[in-house]
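Colleague: As you go down the protein sequences, you meet chains A and B in turn.
Residue 250, in the working numbering, is where the first sequence stops; the numbers in between run on with no holes.
Residue 434, in the working numbering, is where the second sequence stops; the numbers in between run on with no holes.
For the record, the hints were derived by calculation from the structure and aren't laboratory data.
Please note: incorrect hints may appear among the correct ones.
As the list claims (entries may be wrong) - If you want a taste of the chain A side facing chain B, the calculated C-beta under 8 Å gives, among others:
1. Ala48
2. Gly64
3. Leu98
4. Leu123
5. Lys127
What the hints assert, rightly or not - Partial pick of chain A residues on the chain B-facing surface, computed with a CB cut under 10 Å:
6. Ser41
7. Glu51
8. Glu74
9. Phe84
10. Gly92
11. Lys106
12. Ala109
13. Gly111
14. Pro113
15. Val115
16. Asp116
17. Leu138
18. Ser147
19. Glu163
Unchecked claim - Rough simulated footprint, nothing fancy, chain A against chain B, three-plus residues with beta-carbon under 8 Å:
20. 376-389
21. 396-409
Beta carbons are placed, not taken as given, at the ideal position from N, Cα and C, and that holds for glycine.
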Amino acid sequence: MLKITNLSARVAGKDILKGVNLEVRAGEVHAIMGPNGSGKSTLAQVLAGREDYEVTGGSVTFDGRDLLELPAEERARAGLFLGFQYPVEIPGVNNVYLLKAALNAKRKAAGEPEVDAYEFLTLIRQKMKFMQMSESFLSRGVNEGFSGGEKKRNEVLQMLVLEPKLAILDETDSGLDIDALKVVSAGVNTLRDSKRAIVLVTHYQRLLDYIVPDQVHVLSGGRILRSGDSTLAKELERRGYDWVQGAQVA
Amino acid sequence: MTPALRSFAAQWQTRSADSLSPVREQAMQQFLKLGLPTTRDETWRYTNLRSLAAQSFVDAPRRIRGGIEPNASLSLLDKTDRAASLLMVNGYPTMPVVDGLISGIEIYSLQEVARVDPDMLLRFLEPLSDADQQRWTLLNTALFVDGLYLKIVSRVPVPLVILHVAAADGANNIAYPRIIIEATPGSSATIIEHHVAQGDHTPLSNSHTQIALRQDAQLEHYRVFATGADATHLDSLSIRQDRDSRCKQYTIVLGGGMVRTALEGHLDQPGAVLDSYSLLVGHEERHVDCVNIVTHGAPDTQSNQTARAIASDASRVIFNSKVIVEAGSVHAQSQQSCRGLLLSPTAEIDTRPQLEIHADEVKCAHGATTGRLDPDMLFYMLSRGLDRDTAQSLLVYAFLADVLTGMSVTSAREAIENALIAQLPDSLTLRKFR
């Protein structure tokens, strides 16, 4: 579904990604772990199409299409979703407006009619209930005045409504207490099926107790240094990132 | 003397004497002595009147041939609204046929007041100010022929719309609309002044509105400028507030080739609160210059100024605001928030919030930012699949929301929103997301 080959990228004149290789197949959940500053968030943003992040080499295909050729909005309509590490607050734009506009943009791209207003509200309420979000969300601006945890729940809610083929979740676990972590994880797990794929970008092993990945990768210094199954995460937890970085030097 | 000053002096010669003549004479002499403001004057730094000074002006007609059908019309009210309206053509009021047409508001023409109770009127006209933001008020005081005096005597349940129609019978007309609003103790009302134009030429409008709020009075006042690209409008508004009175003031500039609005607020007694909102939209090659000066002259007074400026194409928008806290005005609170949004590389926004504090124990804050659309917000929306036009339009709309949401007259708010949207780029996509 997603094939990243030798991807390099630069942010504000600084080389961050230095040849990333990764292949994610339908039905799989991958976790990308790594120390701060290793390029995890840059990778997520580059995949979502952030314009001020300059791709300097390599290629990315998504369902056989050249992903890097597409602007951000077309990547989203093609079924790619980025759950932001720091979701931005947009006062004055209603949460529901945005979500409805997003869903309709996707449906339009797929040649489907716009969603019926009543159906949409029913859908949202059902997903909100699952994510244990308060009704007041409906009348508020996008992420406006939300706590860190509420913002992350909102990201997952959007994902559940948009049902992407590929979800890239950038540190969706950071800043969550244990109860919120369970809710968010349950949300992510409902999306897990043979047709979709999920990439979890995370700093801690904790999330992977709730969403068990098929593969774990360690990104450091802009490259994937090591890949393995879910036991790799546990080993990292025990031995720290120095272990992987040290192994590379040796 | 410039051609403009000579023509104003000539107009003065044609005025017939009335009970106000001594103060008018004084105002005229003061105006001629001071001359037109120039960019050397503090509040006129960004607005050059040189081309105006080179023209000669004649009085705009009292009546318009044919009916009233303003070409730049936007109806501020729904047909279903319960509201009252008054019409002013080039500053001349059309008086309602039946007295007491509007429950809770007594309506008089200024000519009538000048005849019946000149002393009362003089208390509003004096003292004359030589401050540069009041320069055109001097000329208005000298030359207005008629106008409206509205006395709010109780709680008025419906909004009153004053439709100002500017219509010339040739080039270089000038009009002097004058309105005095007095809210008696404990009264409340909503008044909307709506400036539109009709016909091929639009007169230069030199309008002045004075508002006096007595103890515990409440007023929501709007001035909406929606004239065409050829119109020049010089408007000033003065608000004086007594104890525990509240004023909510909206200045909305949607049109006009050159619009200058001044607001002078005086919080004269404790407990007075003034909330002013300015929504300034520049497009094409328009020039919008807004000056707000609020003086806290008593303890425990409060003022909030919220301005949102948008400039697209090659337009220029200026927002100058100043808060003065006079000695002894302890526990005064003021807040100035101005945000500017540039939608094109050739547009310009200048903002200047200022504070002048002569008292202790006051709480004053000010902030001004100007920029382009936030790239993080834009990317967030794009990453959700919205197309770029829609995302940008939504952000522009969101930018204005702080000012729009506080308006209590829903239909006026919607009409203003529609008019705003029509002037913004990508208006079609924006409309869908209302």
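Colleague: Does each hint fit the structure? Answer for all of them.
Modeller: Verification of the hints:
1. Proximity of A/Ala48 to chain B holds as hinted, the smallest CB-CB distance being about 5 Å (cut-off 8 Å).
2. Taking 8 Å as the C-beta contact cut-off toward chain B, the hint placing A/Gly64 at the interface is violated, the least distance being around 20 Å.
3. For A/Leu98, the interface hint holds, the least distance from its beta-carbon to any beta-carbon of chain B being 6 Å, beneath 8 Å.
4. At a threshold of 8 Å, the smallest CB-CB gap from A/Leu123 to chain B is about 16 Å, leaving the interface hint violated.
5. Taking 8 Å as the C-beta cut-off, the interface hint given for A/Lys127 is violated, the closest approach to chain B being about 15 Å.
6. Given hint, A/Ser41 at the interface with chain B, is violated; its Cβ is 13 Å from that chain's nearest Cβ, farther than 10 Å.
7. Proximity of A/Glu51 to chain B holds as hinted, the smallest CB-CB distance being about 8 Å (cut-off 10 Å).
8. For A/Glu74, the interface hint holds, since its Cβ comes within 10 Å of a Cβ in chain B; the closest pair sits about 8 Å apart.
9. A least Cβ separation of about 7 Å between A/Phe84 and chain B falls short of the 10 Å threshold, and the interface hint therefore holds.
10. A cut of 10 Å between beta carbons decides the hint on A/Gly92: the least distance to chain B is about 3 Å, and the hint holds.
11. Satisfaction of the interface hint for A/Lys106 is found here, the shortest Cβ-Cβ separation to chain B being roughly 5 Å, below the 10 Å cut-off.
12. Nearest Cβ of chain B to the Cβ of A/Ala109: about 7 Å, under the 10 Å cut. The hint holds.
13. Evaluation of the A/Gly111 hint against chain B yields a violated restraint, the C-beta minimum of about 15 Å exceeding 10 Å.
14. Hint status for A/Pro113: violated, given a least beta-carbon distance of 15 Å to chain B, over 10 Å.
15. At about 13 Å, the closest approach between the beta carbon of A/Val115 and any beta carbon in chain B exceeds 10 Å, and the interface hint on this residue is violated.
16. For A/Asp116, the shortest C-beta to C-beta distance to chain B is roughly 16 Å, which exceeds 10 Å, and the interface hint is violated.
17. For A/Leu138, the shortest C-beta to C-beta distance to chain B is roughly 16 Å, which exceeds 10 Å, and the interface hint is violated.
18. Interface restraint check: A/Ser147 against chain B, minimum CB-CB distance 18 Å, threshold 10 Å, status violated.
19. Hint on A/Glu163 is violated. Least Cβ distance to chain B is approximately 12 Å, over the 10 Å limit.
20. A count of 12 residues in the region 376-389 of chain B with a Cβ less than 8 Å from any Cβ of chain A is obtained; the coverage claim is therefore met, three being the minimum.
21. Coverage of the region 396-409 of chain B by chain A holds in this model, with 6 residues showing a Cβ closer than 8 Å to a Cβ of that chain against a need of three.
Violation of the numbered hints given earlier is confined to hints 2, 4, 5, 6, 13, 14, 15, 16, 17, 18, 19; the remaining hints are satisfied by the structure.
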